[in-house]
Amino acid sequence: MKSNKLFKITLLVIPTMLLIYIFLTRDKIDPGSGVESGSYDVSQMYILVSTGLYLLMLSLIFLLRDTRGNVLFLLIAILLLVITATMAVHVF
Numbered sequence: 001m002k003s004n005k006l007f008k009i010t011l012l013v014i015p016t017m018l019l020i021y022i023f024l025t026r027d028k029i030d031p032g033s034g035v036e037s038g039s040y041d042v043s044q045m046y047i048l049v050s051t052g053l054y055l056l057m058l059s060l061i062f063l064l065r066d067t068r069g070n071v072l073f074l075l076i077a078i079l080l081l082v083i084t085a086t087m088a089v090h091v092f
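Numbering (the UniProt record's numbering), first residue to last: 1 to 92.
Hints are computed from structural coordinates only; laboratory data are not their basis.
Keep in mind that this is a model prediction, so the values were computed, not measured.
Do not take every clue at face value.
Here are the simulated distance ranges between beta carbons [to be verified]:
id: 1; residue 1: 90; residue 2: 2; range: 33 to 39 Å
id: 2; residue 1: 13; residue 2: 71; range: 15 to 21 Å
id: 3; residue 1: 65; residue 2: 29; range: 18 to 24 Å
id: 4; residue 1: 17; residue 2: 60; range: 32 to 38 Å
id: 5; residue 1: 65; residue 2: 13; range: 15 to 21 Å
The beta-carbon is built from N, C-alpha and C at its ideal position, and this holds for glycine as well.
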């Protein structure tokens with residue numbers, strides 16, 4: 001596998017692993033940590049906004065740079081963006 005494809009896969013795996021950690025495992029490991037505003041934990045909101053912006057910019061880069069070669073990566077990035085937006089609607 002080319003190193004270019006491995007780099008693109010890594011760019012897509014990073015936000016996926018971050019979302020899995022924040023929403024599935026972090027509360028089970030340490031329920032008291034996070035950015036708190038009074039009695040409400042806002043770290044999930046910050047993670048969703050930053051991950052959504054990251055995926056939007058990554059999708060635009062995949063779209064502008066060799067679209068035919070990045071079709072699969074672009075579809076995965078858009079799917080992750082839709083999942084992130086759905087999670088954001090649920091959290092907010």
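Status of each hint after checking the structure:
1. Checked against the hint of 33 to 39 Å, the C-beta distance between residue 90 and residue 2 comes to roughly 37 Å, which is consistent with it.
2. Taken as a hint, the range 15 to 21 Å holds for the pair residue 13 and residue 71, whose Cβ atoms sit roughly 18 Å apart.
3. Judged by the Cβ atoms, the range 18 to 24 Å given for residue 65 and residue 29 is violated: they are separated by roughly 38 Å.
4. Judged by the Cβ atoms, the range 32 to 38 Å given for residue 17 and residue 60 is violated: they are separated by roughly 22 Å.
5. Between residue 65 and residue 13 the C-beta distance comes to about 19 Å, which sits within the given range of 15 to 21 Å.
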